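Asks: Sequence lines, in order, name chains A and B. Just so we're aligned, residue 1 is where the first sequence starts under this note's numbering, counting upward by one. Just so we're aligned, residue 1001 is where the second sequence starts under this note's numbering, counting upward by one.
These are calculated hints, taken from the structure and not from any lab test. Among the hints, erroneous ones may be present.
In the PhoX-like style, the derived pairs of lysine-lysine whose C-alpha atoms are separated by at most 20 Å in a straight line are [as the list claims (entries may be wrong)]:
1. Lys-298(A) to Lys-1628(B)
2. Lys-1336(B) to Lys-628(A)
3. Lys-336(A) to Lys-757(A)
4. Lys-1628(B) to Lys-336(A)
5. Lys-1757(B) to Lys-1628(B)
6. Lys-757(A) to Lys-1298(B)
7. Lys-408(A) to Lys-98(A)
Note that this is a predicted model, so its numbers are computed, not measured.
2 protein chains.
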Amino acid sequence: MENPGYCSGSFDGLHHPSDDDDDDMVDIAGATLDFSSTDDVPPLNRDFAAGMNGNGPAKLVDPLEDPVPGLGTYEDFNTIDWVREKSKDRDRHREITKKSRQSTVALLHSVSDAFSGWLLMLLVGLMSGALAGGIDIAAHWLTDMKDGVCLIGFWFNHEHCCWTSNETTFQERDRCPQWQSWGELITGTSEGAFAYIMNYLMYIFWALLFSFLAVTLVRAFAPYACGSGIPEIKTILSGFIIRGYLGKWTLIIKTITLVLAVSSGLSLGKEGPLVHVACCCANILCHLFTKYRKNEAKRREVLSAAAAVGVSVAFGAPIGGVLFSLEEVSYYFPLKTLWRSFFAALVAAFTLRSINPFGNSRLVLFYVEFHAPWHLVELAPFVLLGIFGGLWGALFIKANIAWCRIRKSTRLGHYPVTEVLVVAALTALLAYPNSYTRMSGAELISELFNDCSLLDSSQLCGYKQVSNSLADRPAGEGLYTALWQLALALIFKMMITVITFGMKVPSGLFIPSMAVGAIAGRLLGVGMEQLAYYNHDWLIFKGWCSPGADCITPGLYAMVGAAACLGGVTRMTVSLVVIMFELTGGLEYIVPLMAATMTSKWVADAFGREGIYEAHIRLNGYPFLEPKEEFEHSSLAVDVMRPRRSDPALAVLTQEGMTVGEVETLVESTHYSGFPVVVSQESQRLVGFVLRRDLLISIGQNHILICVSHFNVNPQLPSDNAPEAPPPLRLRGIMDLSPFTVTDHTPMDITVDIFRKLGLRQCLVTHNGRLLGIITKKDILKHMAQIANRDPDSILFN
Amino acid sequence: MENPGYCSGSFDGLHHPSDDDDDDMVDIAGATLDFSSTDDVPPLNRDFAAGMNGNGPAKLVDPLEDPVPGLGTYEDFNTIDWVREKSKDRDRHREITKKSRQSTVALLHSVSDAFSGWLLMLLVGLMSGALAGGIDIAAHWLTDMKDGVCLIGFWFNHEHCCWTSNETTFQERDRCPQWQSWGELITGTSEGAFAYIMNYLMYIFWALLFSFLAVTLVRAFAPYACGSGIPEIKTILSGFIIRGYLGKWTLIIKTITLVLAVSSGLSLGKEGPLVHVACCCANILCHLFTKYRKNEAKRREVLSAAAAVGVSVAFGAPIGGVLFSLEEVSYYFPLKTLWRSFFAALVAAFTLRSINPFGNSRLVLFYVEFHAPWHLVELAPFVLLGIFGGLWGALFIKANIAWCRIRKSTRLGHYPVTEVLVVAALTALLAYPNSYTRMSGAELISELFNDCSLLDSSQLCGYKQVSNSLADRPAGEGLYTALWQLALALIFKMMITVITFGMKVPSGLFIPSMAVGAIAGRLLGVGMEQLAYYNHDWLIFKGWCSPGADCITPGLYAMVGAAACLGGVTRMTVSLVVIMFELTGGLEYIVPLMAATMTSKWVADAFGREGIYEAHIRLNGYPFLEPKEEFEHSSLAVDVMRPRRSDPALAVLTQEGMTVGEVETLVESTHYSGFPVVVSQESQRLVGFVLRRDLLISIGQNHILICVSHFNVNPQLPSDNAPEAPPPLRLRGIMDLSPFTVTDHTPMDITVDIFRKLGLRQCLVTHNGRLLGIITKKDILKHMAQIANRDPDSILFN
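Here chain A stands alone, though its shape is the one from the complex:
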C-alpha cells in the first residue's frame, strides 16, 4: 500500500482505507465510530463473568494472553484507544507482580520485565547512533564523489584521501595529488574551461544518478520512506495506526535513499529523516519485548524516546532532542519517558561520537566558538532577523502547501520520478557555479557560523588586514564577492526548497531552513560590522564599539538567523534554543537566540498558527487533535454529537428482548463501528458499548446462540436481578461496561480537553441519564474544520 501522504504527490495505486473496507470508515447518517475499548472490564469482573457461565468451574482469564485472536487489535488507518491500552498494560503488570510472589522464575521474569524498558532504550540508542554514523560517513563519501575520486582507493572521501598523503601541509589540507577532480582526471589538468565544464557535467550526472536511484528505490520498495516523516510520526504518536510506516523495509530503504538524496545536492537535510530512522529502529526493536510489541500505548512511549534520539544524533544535542520530542512531536509524554528518552539520547550521542564520522571527536554538527560578547544594542538586528525568520516561515509554509496541493490535484503528481529528476537537474545546474550553493547545506551553515580568525583563508573572511588583531576590519575584495554570491544563494535556496520539500525522496527541512536564515544573518552581520567600523562615533555604537575593538561577530548573526528561520518554519521554541545552546555550550548567547526565536514565532503565528508539520498533517487529512491549540468556540456537546436533529435515531442494542437474529440484522444493515447498549428502547438508559469488530469476531468464533438478554452482568447491585440462564462468555468479555459519557450540556472546549488528555476515540452523550448520541474524534475534527471554514471532509481517516 502506498503512502497517502504528501510526498506521494498523487494517489496512484493507492489502497485507500475506505475503498473496500467499509468497517474502517463509516459515515452514513450517524456516528462514525472507531473500534473502542473492550478490555476495560477489569480482570476481577471478567473472572466473575467467567465463573458465572455454566460450562465449568470459574476460569481465570489471564491478561497476559489474548483469549480470542484479533480481539482488541486495531485495523490499519484507525485510532487507538489510549485508556484501554494503558489499562491493559496495568492489568498485565498487576498479573506479573502477583505471580512474582509465587516463584523465583516469576520473580526473575518480573525483574526482567521491569528492566526491559531500559534495555530497549539502550538498544535503540546504540542502533540509531550506529546508523546515523553510517549515514554521515556514506553521505560524506558520496558527496565528495560528485567532485572527484581518490586515486589510491575510490572508497576514500576527499578528506581521508588527503590524510593518507604526506605531501599536504596543514594550510592546504584539502589539496593533494591523490584526489583528482573528474575534470582533472579526464582532461589531465585542473585548470581551464574544459576541465571546469567536465566537472560541471559530472556534478550534474552524479546528482541525477543519485536522485534517480533514490526515487526509484523509494517507489519500488518503501513508499513510506519519502519525506521527513515527522508529520506522520506526530500522527502515529497521537494514536493513529499506519502499518508499515515504521517497518524494516522503510528503515532499510530510508537509510539508503537518505544518503543518496543528501548526496545528490538537492536542497534537503538529513535531520528530520533521522527522526524517522530512529523511530523505525525503535519500532523494530519493540518486537523483541512482549510488553511493547503487544501494547500500542507502551510502544508509543518508546517511539517518543526515539524521536529524541533522532534529534540527538542529528545535532549532537541530547537535551535538545528530549525537549524536541516533548515540545514538538509527542502526544503522551509521562515523566518515565522523559528519563528514558534522555538515557537513549545520550547513548545514541556517545555511540555516534565513538564512530566519529566527522573525524574531529566532536559530538555536535556545527561546533561554534565565539570570542566577543554581544551588546544590548544588537538586540535590534536580532529581532529583525526574527521578523525575517517569521515572514520566511509563514511564506514558506503557504508556498509549499500550495505547491503540494498542485502536485496532488494535477497530473504533476503522476510523474514523481520525472519531478525529482527535473528538480535535481535544476538544482545541480544552478548550484554548481556558486560555491556557496555547491557545498552541502551543513558545510554552508558551518562556514557561515564560523568566526573569522586571523589566518582564515576563506572568502568570507576576506577583510583588509589593518592590524594584527581580531578587531573589526574593513571588508576587502573577497568579502564583497562572497556577499554577492551569498545573496544569490539566498534567493536560490528560498525558491528551490519550496518545490523540493514534499517530493518522493527522503527530505528534511532543518538544514535548508537554517541555511536560509544563516545566509540572511551573515549578510546582516557583515553589514552591521561594516557600519560599526566606519561609524564608531554614531550614538548607537558609542561606549561599546570603539575603534580597534572586536564588537560585532557576524557568525553569531548567522546562528541567530538560522534559529529564527527554523523557528518560523517549525514553530519550535524551547527545544530550538536548547539545541543551539548545546552547539555553543555557553549561556551567553541564549538571549539573542531567544529574542529571535520568540519574534519569529509571533510574526509567523500572525499569518497562521500552524507549523509546517501541522500544515502537512492537515493537508493529508490525518486525524490529529493538536494538543497546543485551544478550542475557542462556545459550542456544546449536543451541537457536535451524532445523530444530528434531522438524522434517524441512534442504532443501539438493547439489554433485553433482542434475539441473535436481530443483532445480526442490525450489524449487517448498518455500518457503524460500534453500538451503545441500553436497558431498553423506551428508557434509553446506557449500559455499555460494544464494538462491531469484536461483535463479528465473537459471533464468528463461537457459532453459538447469542442471548443478548444476558448482557447485563453485575448482580451485586440491588437494582438488577441476577441472570438466570448461563450467559455466553464471549459477549460479556467484549462489552465495555465503563464507556465515557458527557452530558449534552458539556461545553465543547471541555469535551475536547477530555479527548486530548485521556486519548479517547469516542464518547457517549447523555441527557438526564438517557443516551442521546455519540461524539467521535473525527466528529470533533470535522467540527473544528467547520469552525475554521475549512472543508470538514478533509479529515480522511478514523
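With chain A held as given, fit chain B onto it using these hints.
Replies: Same frame as chain A, but now just chain B:
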C-alpha cells in the same frame, strides 16, 4: 492561622480547618465533597437562562465580571476545580476576542491581555533574581560576621574588606590587617589558645543569635515561612488552596529569616527556600493582572514557572530549573508554560549575574572545570557512589520522618524556639573545631568539587610534589589530615541534617544532601587515586592509567557523589543531571552523573518509593494525588464511592416536587458540600450538581422563593417540556449541568487517571444511567492509603 505543616512541629494555636467550619470538611455517612464547578455552564446557556426569566429583557452575563460576589471562589484548605477554572479562562478569552473586533480600545486591551503573561514572567524573573542576589550578599556578610569584623567598615564582608586593602597578594587574598577575627579584636593577637576560645565562643554566640532571630521572626510574623516550602508548593500547584502561604508577609519574613538561618551555620541550604521565595514573588505579582488574580488555574501556571525561576537563581541553571519544575514540582505544565518558564528562568539568571553576588561574574553556584577525562572502569566506583546515595537517601527520609513524627506527637513540638537554639548550639559547638564543617555548605561543596591545580594551597591538595606536572601524586601529610576531618564531617553532617530539616526556620535540603555526597565522593576519589598511583600495574588500571598520568579526578567523584545523594533524597533524575551539566558545561561528565543518579534512584526506590517531599506531604496529610505513581490495585469505582453499602442513601435534590423549605432543611440537616440533582427520587436519573456554598449564597442573596421545579433548563431537547413559570435566575446559574460521571464498573486505575489528568474534585458514579454515588479526591486518597496499609484518616484536608 499557623501552618499545619511539618515545620510547625506541633499544632499549638493552630486553626484547624475543620474546627469551626463544618462546610469545609464533612464526612458524615456519605460523600465528602469539595465545592464544585458552577461556571461550567457556558455563556450561551447562561444567556439563554437569563433571557428566560420574567424580570426583563434578555441580559447578557459578562464572564469578565463576577455576577454574585463569592460565587465561584474557594475556601481556604480546599481543592480547586481545574476544569471549571480553565473553562472560566476560556470564556474570558472568548469574550475579549469578541470585543476586540468592536473597537480599537478593546483591541488594545486584547493585545495587552495576550502579552500580560510575558510581562508577568519578566517581572517575576527580575524580582526573584534581585531578591536572590540580595540574599546571597546578606548571607555572605552575616556568615563572615561569625568569624570577625572589618575594621574599615562593619558592612564589608571578609572578601570585600580585603579587596580594599592594597597589602594583600593574590596568594593570601583572604588575609589582611583590616579584617580581624573576634579573638584578635578582643585579645589583641590572632595566635594562642585564648584567641581561639574567644573565636569559638563568638562563633557560638552569633549562631545562637541568628537562629534565635530567625525562629522568633518566623513564629511572630509568618509561620508559613519555615521549612523548604517545596512540599506545600507541590500541593498548591496540584490545586490546593493555602491562603497566605505565598503572601507578602511570608515573602518578607522568609527572605530575612533565610539569610539568618543560613548564616547561623545550621546544616541547611537556601536553594529549596529560594523556590518558595520565587513563588511568593510570582503570587504577589499576579495581583497586578486580572487574568491571573482571578483564575486559580492560570495563577498556578505562573507559579510553575516561578518554581523554575527559583532553581535557576539557586544554581544558575535555567534549563535545569525548567526541568526541575516539570519533573518535580508541577502538576499541570502545558507547553506554553514551558516556554514562559524558560524565559523567566533566563531573565532571573541574568538579573542575578548582573548583581554579581559572588564577585566573579559567574552564573553558576559551583564552577567546575576538570581537565582529565574519565575512563569506563571508573563507572564501578560511580555506581558505588550511586548505591551510597540511594541508601543515604532512603535512610535520611525514614529518620527525618520518624523525627518529625516524634516532634508532632510529643511535647518537643511545643518548644520550637528551644529546639532551634539547642540544635544551633550543638551544630556550632561541634562544627567549629573542624574546618570542613565550620565553613558554609556551599563553600565546602565548592572546595570538594575543585580539581587540585599545582599551586593550590588547600589542605585537600596536600600531595607530595614529585614532579612539575598535574599527574597523580602520592598523598601527603596535609591530605591525610583532610581525609580524617572529612570523615568526621561526613558523620556529623549525616546526623545533624536529620534533626535540622523540619525545624521552624527556613531550611533547604539541597546543600546538606549534596555536602554529604560530595564528602563521600571525594573520600572515594582520593582513595581511588592513591590506589591507582601505587598500583599502576593492576589489571584494572592497565592501559589507561600509566605512571605519571593524570588519570583520576577526585573532584569529579565529589560531584558524582553529590548528585547521587541529592538524587537519593529527592528522587530527581533528569533535572538533577541537567543542573549538574550546566555547572560543568560539558557533555563529557553526563554519563558518570547519570549512572550514579540512576543507581541512586533505583536503590532508594527499593526501600520506599517516596522522595522527601512526598513523604512530608503525606506526613502533613495534604490532599496530593501523586502524578508519577501508578494505581496498581484492581478495585472498581463502586468499591470506592460513597455511600457505602451500609450507609444511608445519597442525599440528592430532585428536579421536581421539592419546596424551598425542603431544600433548606436538606442543606441544614446535612453537611455535604454539594448535592447531585436528579429527575426524581424514583428514577434517580442525574440532571446536574449543585454546591452547598453556592446554594447558601444564592438563598441569602435573593431572599426569594425558590422553585426547585425549575432547575430543569434546556427546553430544546424533545424529551422535556419548557418551564411555564418564570424560573429563579440565580439557581439556574449555579447548577452544573455537565457533572463528570463514570459508571460503577469503571476500574479505579482509569478513574484515578481521569482525576489526575483533568484535575477533578469529585465525580458522580452511575449505573445504567441511574445515580449511584459519588467519588471525591479525598475518597481516592483514603482508598489509596487503605491499600498501602496506612491510616486513611491521615488525609486531613479537602
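Asks: Now, for every hint given, state plainly whether the structure supports it.
Replies: Hint check results:
| no. | hint | result |
| --- | --- | --- |
| 1 | Lys-298(A) to Lys-1628(B) | holds, 16 Å |
| 2 | Lys-1336(B) to Lys-628(A) | holds, 8 Å |
| 3 | Lys-336(A) to Lys-757(A) | holds, 17 Å |
| 4 | Lys-1628(B) to Lys-336(A) | holds, 8 Å |
| 5 | Lys-1757(B) to Lys-1628(B) | holds, 12 Å |
| 6 | Lys-757(A) to Lys-1298(B) | holds, 18 Å |
| 7 | Lys-408(A) to Lys-98(A) | violated, 55 Å |
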